[in-house]
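Given only the sequences and the hints, what does the whole structure look like? Please build it.
Line by line, the protein sequences give chains H and D.
Taking my numbering, I'd label the letters of the first sequence as residues 50 to 390.
Taking my numbering, I'd label the letters of the second sequence as residues 457 to 963.
Don't read these hints as lab results, they were simulated from the structure.
Each hint should be verified, as a subset may be incorrect.
[Said to hold, decoys possible] Here chain H is said to cover these stretches of chain D; the calculated rule only asks that three of the stretch's residues, wherever they fall, bring their Cβ under 8 Å from a Cβ of chain H:
hint	region
1	784-797
2	804-818
[Unchecked claim] Distance condition first, Cα-Cα at most 30 Å in a straight line; then the derived DSS-like pairs of lysine-lysine:
hint	chain 1	residue 1	chain 2	residue 2
3	D	K838	D	K812
4	D	K812	H	K188
5	H	K223	H	K117
6	D	K812	H	K190
Fair warning: this is a prediction, and the values are worked out from it, not measured in the lab.
Backbone N, C-alpha and C define an ideal beta-carbon position, used for all residues, glycine too.
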Amino acid sequence: MGEPELTTPAARERAAGTARVEGFSWGALLARAPTWTGVGLVLAFMVIGLIATESLFLTRENLTNVFKGASINLLLAVGTTYLLTTGMVDLSIGSMLALLSMILAGQITHGVPVVLAVLATIAAGALLGGGINGVLVTKAKLSFFVVTLGTLALFRSAAQIPTNGLTIDLFDRKGVGLVETMGDGEVLGISVPVIISLGLLLASILVMRYTTFGRAVFAVGGNEAAARLAGIPVDVAKIGVYAINGALVGVAAVMFVGRIQSASPLIGAGIELDVIAAVLLGGTSFIGGSSSMVGTLIGVMFIAVLQNGLNLLGVQALWQGVVTGSVLILAVWVDRIRRPS
Amino acid sequence: MPLLELDGISKRFGGVQALDRASLAVDAGEVRGLVGENGSGKTTLLRILAGEVPPDAGEVRVRGEVLPTLDATARLAAGVGVVFQEAHVCPELSIAENMMLGRLPTSRGRISWSRVTRAAQRTLDDARLPLDARRRVRSISQDEQHLTEVARVLARDCHVIAFDETTASLTQDYVELVFEIIRRRREDGAAIIFISHRLHEVLEICDSITVLRDGEVRGVLEASTATEDSLIRLMVGRDLEGQFFRAAAELGDVRLSVRGVATEPLSAEVSFDVCAGEVVGIGGLVGSGRSELLEALFGLRARTGRVEVSGRPVPAQSPRAAIAAGIGFVPEDRRSQGLAVSQTVRMNATMVYYGKRPLASATSRAGEDEVLDELTSRLRLKAAGPGSPVRTLSGGNQQKVVLGRWLAGDPHVLLLDEPTRGIDVGTKREIYALLDVLARQGTAIVLVSSELPELIGLCDRVLVLREGRLVAQFARGASEEELAAAMAGGAAGGAVPSPALRPPTRS
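Shown next, in the form of structure tokens:
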């Protein structure tokens, strides 16, 4: 974090003394390293290994695919990082993704101008997240698990009802340029969805570090009762993270629709588990109060590169869950061993 | 050969040397007191004895046999039992099940619940603990939960028993019960370690006393010849004098005005005023409603009546409104209500600062540093740095963080609930001195405490609550006996309160 190390003269003296006695220590270095160090190193080794053995890996086409594929997961993972920092999750993001993509496609087929439709979709995400999930968790004082498990089913049904479960095709439709650009476009040779997701990640890093809201999010996750007693508006902060998460799902939905040029009420099923896995892999604590947006990026990239590597190596898709699942458990386990108690 | 030997134990947590070659030997039939300021290493020593943390150096021997580190089962086999400061009980299980957990008696492969209950009840009755083994732990009081923790160790028939601040949260009757248990186990030939911040208790129950300071043993005293003063000198390395911790202050205008306030457990309305510069104590037994009164004033529970700060009414049921009105609150349980222990000193200390700012505002390094300055300069916080997790701080320093976060905003009114519970003598004096400074600067302080010397030595007035009623008010200089009598409802209950309790006017 780059905190100034010592404050009191006594502490400074003591530390100076011990520093002389102890000298350099790998243990101390390891304890200070960010929580995602281990995963980051393994990711680096994996990339080096793939470059060395798979000639297809380092092609422009392959890398673009990896990054584009990861960008939607990254957006969702950023939202989940906000939530996990407060000690909550949103299990309904997969269903929300499908519902919002249907809302977007529905507006477009009904002739709503595309800019308006995109904005309305993102706003609808914030409303579904903050206004439904967030309000039920804070004002009705229900468990986030129960609420979002309920809305997981609810949003999925709501996505299917308008078209009887059928896909809305936007292929070759006029006036959807913005959606296409957001999902699949390029600017100066760089993929637009990658730019959008990295931009929102950067914004989130700043929000978490340099705003009072960010401090409130950490305080609520660290100890909700203490935060309340300190005058932090706990409910507003919680509704806020659900709304932000919903808005990010909204952006992801636009990107998804743009990429496949259609909206399906069936997309995103089970994606919440992949997303939570990536965030935990990045070193964010499951019980709240500590998280890392940078770690989340590394966690998402780790899973993306791993899956890409398995594809290139010709490992059957059916086996990929075994690998990613084991890696997740292993990574969290290693982190546990590294930090006693 | 001593029954229990802790030999040359060293332990380091990060940058802090918690224990430095500490040794302790206790004979069968001996009660050994273990005293020292917070952070002196007492609890760490017990955790090593219990096998919860491994020592960096040194060994634990029972009857000359070395106990393996980090092996709770070996402890049980060797008859070592530790009663920890915080009750380690499962709230959803019965008292009996908690006591017998891990070795529930079975018949033909099935747990025999009647035998569980009978065995547990027998242990409770033998120890003369007034508990019903069948009751669910969640439904019993905090005091009784602590006794359950004691009973669990008793049920295991241990020869080496350690008590870590067991009496700190118990009311006087229960303390006597625990003392009775210790005396009987001593007669049975057990080796007992007794940790308490209440030195008179240590002198009363122990045969000998080991004093720790900064992780080192500073002396072993015979309880028959030791005095509180001699212990304190060894503990803090300096003399502490005086029964009064602060001089009577000049009183200003009324800062906090409480009129006809009633809340859930209070059976009658409460009215009183607190002036700028005044420290008003609230005494009462557990269950008298003292904590609930503070919580109601701070907006944490529904209330009737009127609360004003400097003449302006404070809306009920909103801590944020109370804070905006200038009220600060230090809760009773700092770990569950005060701190995010895994987070840094900086994060914890600035919680109030950021609580007052709009969510959509940028953080301010300067504002944070101001709060941290208050902590290090006025409260002399001992921490490796603002970036170290609060978890690594001693209890006294943790409390400084909880208290210190209110200082930067200069609160008009400070409500403190047991601000020195489980804190060492030296840190207590520092907190007393700080409260004195705050009062002199015009803060009105309301202090709930179960320690009579604290109420007497610190407060300009003491209000006594009994069974949800304000029953008495004492001016400065009341005796412990008078206060205790008013709390317990004895014949010598103090002065009858006037309808609106105002501070005594000075001539």
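Here is how each hint holds up against the structure:
For the region 784-797 of chain D, the assignment as covered by chain H holds, since 8 residues bring a beta-carbon within under 8 Å of that chain's beta-carbons and 3 suffice. Only when three residues or more bring their CB closer than 8 Å to a CB of chain H does the claim for the region 804-818 of chain D stand; here the count is 13, and the claim holds. For a cut-off of 30 Å, the pair hint linking K838 (chain D) to K812 (chain D) stands: about 26 Å separates their Cα positions. About 22 Å separates the Cα atoms of K812 (chain D) and K188 (chain H), which keeps this hinted pair within 30 Å; it holds.
In summary, the hint linking K223 (chain H) to K117 (chain H) is supported, as the alpha carbons are separated by about 24 Å, within the 30 Å threshold. Annotation: proposed proximity of K812 (chain D) to K190 (chain H) holds, straight-line Cα distance about 24 Å (limit 30 Å).
This entry satisfies every hint, going by the numbered hints stated previously.
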